[in-house]
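Residue numbers (my numbering), protein chains in the order written: chain R, 1306 to 1606; chain G, 1306 to 1606.
Treat the hints with care, since some could be wrong.
Note: identical chains are not told apart, hence a pair may lie in one copy or across any two.
Unchecked claim - Taking lysine to aspartate or glutamate pairs in the DMTMM-like style, the calculated list, with each CA pair at most 20 angstroms apart, reads: (1) K1563 x D1598; (2) K1519 x D1598; (3) K1519 x D1502; (4) K1465 x E1432; (5) K1564 x D1589; (6) K1563 x D1594; (7) K1382 x D1401; (8) K1320 x E1578.
Think of the hints as simulated: they come from the structure by calculation, not from any bench.
Number of protein chains: 2
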Amino acid sequence: MSLLVTGTVAIDSVKTPFGEQPDCLGGSATYFSVAASHFGPVRLVSAVGEDFPDDYLRIFAGRPIDTLGLERRPGSKTFRWAGSYQGTMSEAATLDTQLNILAEAPPVIPESFRNSKFIFLANTAPEVQLHLLRQLDSPALVVADTMNYWIRNSRPDLDKLIQHVNALVLNDAEARMLTGQANLIAAAAAIIKMGLDFVVIKKGEHGALLLTRKNEPFVLPAYPTAAVKDPTGAGDSFAGGMMGYLAARNNFEQSTLKKALAYGTCVASLVIEDFSLDRWNTADRNDIDNRLDQLRNMIIF
Amino acid sequence: MSLLVTGTVAIDSVKTPFGEQPDCLGGSATYFSVAASHFGPVRLVSAVGEDFPDDYLRIFAGRPIDTLGLERRPGSKTFRWAGSYQGTMSEAATLDTQLNILAEAPPVIPESFRNSKFIFLANTAPEVQLHLLRQLDSPALVVADTMNYWIRNSRPDLDKLIQHVNALVLNDAEARMLTGQANLIAAAAAIIKMGLDFVVIKKGEHGALLLTRKNEPFVLPAYPTAAVKDPTGAGDSFAGGMMGYLAARNNFEQSTLKKALAYGTCVASLVIEDFSLDRWNTADRNDIDNRLDQLRNMIIF
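With the hints as extra help, turn the sequences into a complete structure.
Here it is as structure tokens:
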């Protein structure tokens, strides 16, 4: 079923204990769409400036990613982020953010994309997420990401957005902040009560937690990899793997969701093994499926 | 197979967001032995002072816990610990420690306990752990716990201890400190290389990680409970459930270890739902087995 993502295509500068990569390809919609493209076609909606290198578009070219919705805006500059990771690399320290095109009008969803059924609204102002969502005809599943900044500063908009989506994907600190609940299971239950079908709480190296309206929790450890080089994009790649699988299966029943989360963690475990999206130069769907099998064998007792 | 634990029987004062419990029963050997007793008999080796309340011994009485090795030392005072938990309760702030009897000679392992086969050396000075271990005839499996203090201040003793045990059980921060590896999988592999058969890294609310000499990782989320009241004793209860199951099965093969870890997390998830060991007033082996079944269903995808 048709899958659409709205989010950023960005230029990142990243430093980790394993090296440094200035001006590399990044952005939530980039990580998401490449991850999701292993499972089926993806429609990408984003905007970059005229400074965006042509080279960086090659990553989309060989994959079932429709970039009709990727606007290249003359006179504008691409969103830029610089960050560094230390120690356990569980959190990035932001060194620089240049909003650039993100401070301008959001991209428009192309007419031919408006019948999309599975939608992922990557992190941005909830007001913008809602604006984009309203351009769609009749989505079957809408999942949104958000972050601490919006929870703190745009709560009324975020609450409004939540009324129009099926699910939230967010990290543990954000789930705690959104609900005021320190216990993650209690936080997930509180989020469901906001009127959602399901919520996915990402815990980085510790895996993910799913709670559905039926109140059946699903807990999943992360696929264990010792070769982490750059965690940037892990969350969006997780969401891409998850949504890619859901769209391919065309449902979001509990059993499909569980496997979708497992795919999400396997996809994320690959992308963090190299800088930017470089891991996808060699890794493919076979590698993802192998990790899924390994993960299943690892957790069985 | 005979299971023996050496560790503390203590008097704790605990404060959490859910209440306060002054002068309650605590101690690593207490939590361990009650947890393990759900799976079979346990031999307890510890020492308390003459201030230790008779009442507190009742918890051992109705269970297959042999307290022949629990010395009550005249003129001595029981080890006391006071701590408080806030927020996510993932770490205790220690408010007060009174070593008391821990600063004196360690207890002696009774003659009739010396043929024990499964041994858990709960956290204490590695020198003392080794001294206790040397009193045993021919253990089949020796597992030791340790903590940041000994890693920092008694490293030569700890390295020596590691040469005489089969496995370590420790938490994520301790594993990182012991190896200098930020990545937990890499840390686990480095610990195995110290000459161990297996290592278990406890991650609190995030579950546990097992690595064996065969280099096959096993990752397990924690049993999700929203009703956490007091995390004190979670780690020792985990170890008790794990070792209790291993001793009952009389082996520590990979498949047995996996199920032992799962039992450990289920036992720990129960004890943290009330202060001190109060949860065991009502919870029994049936509750543990129910959680094991639920956990298995939760993680299957």
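Verification of the supplied hints:
In the homo-oligomer, the alpha carbons of K1563 and D1598 lie at most 20 angstroms apart both inside one protomer (14 angstroms) and across protomers (17 angstroms), since each shortest distance falls under that limit. In the homo-oligomer, the alpha carbons of K1519 and D1598 lie at most 20 angstroms apart only across protomers (18 angstroms), although the nearest pairing inside one protomer, at 27 angstroms, exceeds that limit. In this homomeric assembly, K1519 and D1502 come within 20 angstroms of each other (Cα to Cα) only inside a single copy, at 9 angstroms, whereas the closest approach across copies is 42 angstroms. In this assembly of identical chains, K1465 and E1432 lie within 20 angstroms of each other by CA distance solely inside one copy; the values are 9 angstroms within and 61 angstroms between copies.
For the identical chains of this complex, K1564 and D1589 are intra-copy neighbours only, at 18 angstroms inside a copy versus 33 angstroms across copies, given an alpha-carbon limit of 20 angstroms. Taking the closest pair of Cα atoms, K1563 and D1594 come within 20 angstroms of each other only inside a single copy of the chain (15 angstroms); across copies the shortest separation is 23 angstroms, beyond that limit. In this homomeric assembly, K1382 and D1401 come within 20 angstroms of each other (Cα to Cα) only inside a single copy, at 15 angstroms, whereas the closest approach across copies is 57 angstroms. Taking the shortest Cα distances, K1320 and E1578 sit within 20 angstroms of each other inside one copy (14 angstroms), while across copies they are farther apart (42 angstroms).
In the structure shown, no violation is registered for any of the earlier numbered hints.
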